[in-house]
Amino acid sequence: MEDWSARQYLQFEAERTRPAFDLLARVANHAAERIVDLGCGPGNSTELLAKRFPRADILGLDTSDDMLTKARARLPRVTFEKADVAHWRGAEPLDLIYANAVLQWIPGHIDLMVRLTSQLAPGGSLAVQMPDNFDEPSHVLMRKVAARAPFRDKLGGASAARETIGAFADYYAALAPHCADVDVWRTTYVHPLRGPDAIVEWVKGTGLRPFLDPLSPDERQAFLVQYRDEIAMAYPTLADGRALLPFPRLFIVAVRGDAARTHG
Numbered sequence: 122m123e124d125w126s127a128r129q130y131l132q133f134e135a136e137r138t139r140p141a142f143d144l145l146a147r148v149a150n151h152a153a154e155r156i157v158d159l160g161c162g163p164g165n166s167t168e169l170l171a172k173r174f175p176r177a178d179i180l181g182l183d184t185s186d187d188m189l190t191k192a193r194a195r196l197p198r199v200t201f202e203k204a205d206v207a208h209w210r211g212a213e214p215l216d217l218i219y220a221n222a223v224l225q226w227i228p229g230h231i232d233l234m235v236r237l238t239s240q241l242a243p244g245g246s247l248a249v250q251m252p253d254n255f256d257e258p259s260h261v262l263m264r265k266v267a268a269r270a271p272f273r274d275k276l277g278g279a280s281a282a283r284e285t286i287g288a289f290a291d292y293y294a295a296l297a298p299h300c301a302d303v304d305v306w307r308t309t310y311v312h313p314l315r316g317p318d319a320i321v322e323w324v325k326g327t328g329l330r331p332f333l334d335p336l337s338p339d340e341r342q343a344f345l346v347q348y349r350d351e352i353a354m355a356y357p358t359l360a361d362g363r364a365l366l367p368f369p370r371l372f373i374v375a376v377r378g379d380a381a382r383t384h385g
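Just so you know, the sequence shown maps onto residues 122 to 385 in our numbering.
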C-alpha cells in the first residue's frame, strides 16, 4: 500500500485518540519504565504514554515515513523508529507494549499477541485496541462497491488487507495460559460527523486505503462517488446536519506474571 497520510488521519484526531486514552486508563502498572508504542502513527497515542509515564523510556514504531515525521516533530524527546511491528523484538523485557489500532492489519495477530507477551517483564502489560467494524455499513459498503464491474478486477483482494477480528474467547484462550490476568471488552463509540462526506473522509484515512490504493486517480474518484452515495443512504443526515457513525472497538489488556489486576 501507499504510505499512510498523517494529515488525513489527523482530521479526526480527537475521535481517534479517545479509545487510545480509554485503553491506557485500564493499564494498572503505574511505574512502567520501558514502553513501546506499536504502530505509533503521528504520535497522538505516544503523547498519552509520555504524559502518563514522564520518566519512562518510550519507543514509538511505525512503517510510515510521514507518520514518523509528524511524531518526531510532536514529541522530540521520544525515540521513533521505522519498523515492521510483525517482526520487531525488543532488546530487553518491557513494562508496557501498547498497540492502538494497528494489530488488525497484521496476519495472525492473535499469535503475534502471544509472542508479544513473551517480551513483557513480570507484571508488564500488553494493551491492544482494534477497530471491530468489519460488519458495519461503512465497511460492508466498501466491499459492495468494490465488487462492481468497474472495480472488481483490481480490488478482488482489498478486503483481505485487514484481518477479521475474533471473538472474545479467541483472545482470552490464547493469552490466558501466558498471563496472570486477561481483560477483554468491546466499546461502541458513536461519532456525530458532519454528514456523509465526513464519514468518507474518516475511512479514507484508514479502512478505505486498501480499496483506493490499487486504483488510478479517475477510478478512485468514481469509486468514492459511488461509495459516498451508499454511505448517505446508510447513515442519514439528522436535523442538525450531522450523521451518527457507530464505531465498535475491541480492547485487550493482558498482564504477565504474578501482578494480576483486580477489577472493581
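The set of hints was computed from the structure by calculation and includes no laboratory data.
Where a beta carbon is used, it is the ideal one built from N, C-alpha and C, also for glycine.
Incorrect hints may have been included.
Here are the computed distance ranges between Cβ atoms for each label pair [unchecked claim]:
#1 Pro214 x Arg139: 42 to 52 Å
#2 Arg139 x Lys203: 50 to 60 Å
#3 Arg198 x Pro271: 44 to 54 Å
#4 Lys203 x Arg236: 30 to 40 Å
#5 Thr200 x Pro357: 44 to 54 Å
#6 Glu136 x Asp186: 35 to 45 Å
#7 Arg269 x Arg195: 13 to 23 Å
#8 Ala212 x Tyr293: 45 to 55 Å
#9 Glu154 x Lys265: 44 to 54 Å
#10 Arg236 x Arg147: 19 to 29 Å
#11 Arg198 x Asp339: 28 to 38 Å
#12 Thr308 x Pro357: 37 to 47 Å
#13 Asp339 x Ala146: 20 to 30 Å
#14 Val346 x Arg236: 17 to 27 Å
Below, simulated BS3-like cross-link-like pairs (lysine-lysine); rule was C-alpha separation at most 30 Å, straight line [to be verified]:
#15 Lys203 x Lys265
#16 Lys203 x Lys172
#17 Lys265 x Lys275
#18 Lys172 x Lys265
Comparing the hints with the structure gives:
1. In this structure the hint that proline 214 and arginine 139 lie 42 to 52 Å apart at CB is violated, the actual value being about 30 Å.
2. Roughly 27 Å separates the CB atoms of arginine 139 and lysine 203, a value that falls outside the hinted 50 to 60 Å.
3. For the pair arginine 198 and proline 271, the beta carbons lie near 49 Å from each other, so the given range of 44 to 54 Å is met.
4. Checked against the given bound of 30 to 40 Å, the beta carbons of lysine 203 and arginine 236, roughly 20 Å apart, lie outside it.
5. Between threonine 200 and proline 357 the C-beta distance comes to about 46 Å, which sits within the given range of 44 to 54 Å.
6. For glutamate 136 and aspartate 186, the hinted distance range of 35 to 45 Å is not satisfied, since their beta carbons lie about 24 Å from each other.
7. Evaluation of the 13 to 23 Å hint for arginine 269 and arginine 195 yields a failure: the beta carbon distance comes to about 40 Å.
8. Look at alanine 212 against tyrosine 293: about 30 Å separates their beta carbons, and that is not inside 45 to 55 Å.
9. Distance hint check: the CB atoms of glutamate 154 and lysine 265 are about 48 Å apart, consistent with the given range 44 to 54 Å.
10. In this structure the hint that arginine 236 and arginine 147 lie 19 to 29 Å apart at CB holds, the actual value being about 22 Å.
11. The hinted window of 28 to 38 Å between arginine 198 and aspartate 339 is violated, with their beta carbons roughly 45 Å apart.
12. Remark: the range hint 37 to 47 Å for threonine 308 to proline 357 is contradicted by a beta-carbon distance near 24 Å.
13. Hint check: aspartate 339 to alanine 146, Cβ distance near 45 Å, so the stated range 20 to 30 Å is violated.
14. Roughly 43 Å separates the CB atoms of valine 346 and arginine 236, a value that falls outside the hinted 17 to 27 Å.
15. Straight-line distance between C-alpha atoms of lysine 203 and lysine 265 comes to about 34 Å, which puts the hinted pair past the 30 Å bound.
16. For the given pair, lysine 203 sits about 23 Å from lysine 172 by alpha-carbon distance, which is consistent with the 30 Å threshold.
17. Of the supplied pair hints, the one linking lysine 265 and lysine 275 holds, its CA atoms being roughly 14 Å apart against a limit of 30 Å.
18. For a cut-off of 30 Å, the pair hint linking lysine 172 to lysine 265 is broken: about 42 Å separates their Cα positions.
Comparing the model with each numbered hint stated earlier shows that hints 1, 2, 4, 6, 7, 8, 11, 12, 13, 14, 15, 18 do not hold.
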